[in-house]
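> Work out the full structure: start from the sequences and follow the hints.
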Amino acid sequence: MRRPRVLVIYTGGTIGSLPVDRLNHASALDAAPFAESLDSEYCQGLEERMRQVGHGLDFDLCNIEPPIDSSAIRPDKWILLAKLIETEYQHYDGFLILHGTDTMAMTATALSFMFETLDKPIVLTGSQVPLFQSPTDARSNLLHSLWVASQTEEATLIPEVVIVFGRYVVRGCQAVKVDASDGDAFRAPNGVPLGVVRPEKVHIYKDRVLEPRPVDETPSVLYRMYSQGSPPDCVYEKQVDARSAADMTGTRVFNIRPTWDRTAPPFKIRKVELDPDDDLESTQSQLADPLVRGVLLATYGVGNAPPDPGLHACLREATERDCLIVNVSRCSKARVAMGQYAASSLLLEHGVVSGMDMTHEAARTKIRWAAAKHTLLSDMQKAMQVSQRGEQGEDLHDLRFGGSDRAEDRTGDDASWLARGFYSTTLPQSLKKQLLKRCVIRFSDLALRAPGVGQALLHVFLSNPNATIEDAGDADITIDAESIAGDGGVFVHEIPKALVQQAGDTIQIRLVASAGASVAFNGLFLALFAEPSRGTSTG
1124 MRRPRVLVIY TGGTIGSLPV DRLNHASALD AAPFAESLDS EYCQGLEERM RQVGHGLDFD
1184 LCNIEPPIDS SAIRPDKWIL LAKLIETEYQ HYDGFLILHG TDTMAMTATA LSFMFETLDK
1244 PIVLTGSQVP LFQSPTDARS NLLHSLWVAS QTEEATLIPE VVIVFGRYVV RGCQAVKVDA
1304 SDGDAFRAPN GVPLGVVRPE KVHIYKDRVL EPRPVDETPS VLYRMYSQGS PPDCVYEKQV
1364 DARSAADMTG TRVFNIRPTW DRTAPPFKIR KVELDPDDDL ESTQSQLADP LVRGVLLATY
1424 GVGNAPPDPG LHACLREATE RDCLIVNVSR CSKARVAMGQ YAASSLLLEH GVVSGMDMTH
1484 EAARTKIRWA AAKHTLLSDM QKAMQVSQRG EQGEDLHDLR FGGSDRAEDR TGDDASWLAR
1544 GFYSTTLPQS LKKQLLKRCV IRFSDLALRA PGVGQALLHV FLSNPNATIE DAGDADITID
1604 AESIAGDGGV FVHEIPKALV QQAGDTIQIR LVASAGASVA FNGLFLALFA EPSRGTSTG
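Just so we're aligned: the sequence shown equals residues 1124 to 1662 in the numbering used here.
Everything labelled a hint here was simulated from the structure, so no lab data went into it. Keep in mind it's a predicted model, so treat the numbers as computed, not measured. Possibly wrong hints are sitting among the right ones.
Distance condition first, Cα-Cα at most 27 Å in a straight line; then the derived DSS-like pairs of lysine-lysine [said to hold, decoys possible]:
| id | residue 1 | residue 2 |
| --- | --- | --- |
| 1 | Lys-1329 | Lys-1300 |
| 2 | Lys-1555 | Lys-1206 |
| 3 | Lys-1300 | Lys-1391 |
| 4 | Lys-1556 | Lys-1329 |
| 5 | Lys-1505 | Lys-1556 |
| 6 | Lys-1555 | Lys-1496 |
| 7 | Lys-1456 | Lys-1300 |
| 8 | Lys-1505 | Lys-1324 |
In structure tokens form, the structure reads like this:
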């Protein structure tokens, strides 16, 4: 039986650090060549233990020169790692990247989006304590990560970018560093581990692992970023047996999309974090920068923002110049639900899209991915809300229908209002009805007024596009003025999934006001939430 082969790529970080003064262990630590750490007196027998992982494996070691602290990681290193893995993909069963902890989640997230298709594991690990010290978490992290990287059997294979650290195997694009010293430094605050480290072995939850992504018949590689200067070369510490691709069976091709494009036009991303002590001037100046094409808007709770007119004017103007604005929560564990409160309903109208439960690292990376993959802002917005690599727990298909005439209210017995009370759109092809979880209709700034002492009602039909006031008794939803009086004009209502048809079909919403009622609203939205389609690209 052929032993699995793993390429171990060392970038630097704590795991391979040694004292600057090798004779004084109290001196400052600095990243050293990994082979020097392995050859130190404190690592006697470790290399042989590495080769005995599982039922035995072979590995080659590659140093990224010079090794660096992870705080110095830049996108050109991500490109370098991606190119190296691309070059050696046919020669190995898995890849293990030894990395510092400070930016490990960022590198894992970047690589998750750079690799369009994978059928092999790319594992990242490091340590809180260097290999040469005792006790250390470096040895256990190294051995457990090698085991995950060497898996080729269907039951234990993880064809994803993952972090193996402490007791957990975490999806790379869901990971955040949660502790600067504890052994369990990385978690997925809005997800679940893909595996757990037990004394005997690593247990993989196969039902949580994404299927290998679909493969193009003709492989293509797209590099859209140039770096400042030439990145350093990779130096092999050991001879690599460069077997031909013909010797590998069942190997899938893949696309790489490094999307940190700094060519013209310039693409800047800014994180705008709302703060009660902020006078909003700095926020407005960042949003007003014409070179800013992507914004992480870090809001409160489930996506709420203050009703400051200046802030909302800047958001609207940024969207109008095709800036992609993504709403992420300041809470580490949260799911953005725009429109649930009046404090976030205006964001919907300004074209802000939900970051769902993505980490800030994932949302930022995904903005660059969407900008590289799509030209139109509307396509970027749609792609941002659908899981691409398992980075979010739900897909969101956000259908926006606009509002009523803002210049004047229209009454129910006015024929022109009835004509405008009909809204229609085509359901996205990416929506799979069998995965649909729930459907929510939202009105923002909804105003219902009745003449005199009468009752104002708005009847909503999703199943009868020709409805009139005579059909009011069969309306799918009936809204009265009292139901929105205390919610700032925000109306949210869940509707039966049966009213949503198959992808590609037309969905039609008919609004009928009671006789004489005055109706106005600024936004009508239909949000369709679905199980992620196994991380498959829908762009």
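> Each hint needs a verdict: does it hold in this structure or not?
How the hints compare with the structure:
no., hint, result
1, Lys-1329 - Lys-1300, "24 Å, holds"
2, Lys-1555 - Lys-1206, "34 Å, violated"
3, Lys-1300 - Lys-1391, "25 Å, holds"
4, Lys-1556 - Lys-1329, "24 Å, holds"
5, Lys-1505 - Lys-1556, "17 Å, holds"
6, Lys-1555 - Lys-1496, "22 Å, holds"
7, Lys-1456 - Lys-1300, "13 Å, holds"
8, Lys-1505 - Lys-1324, "41 Å, violated"
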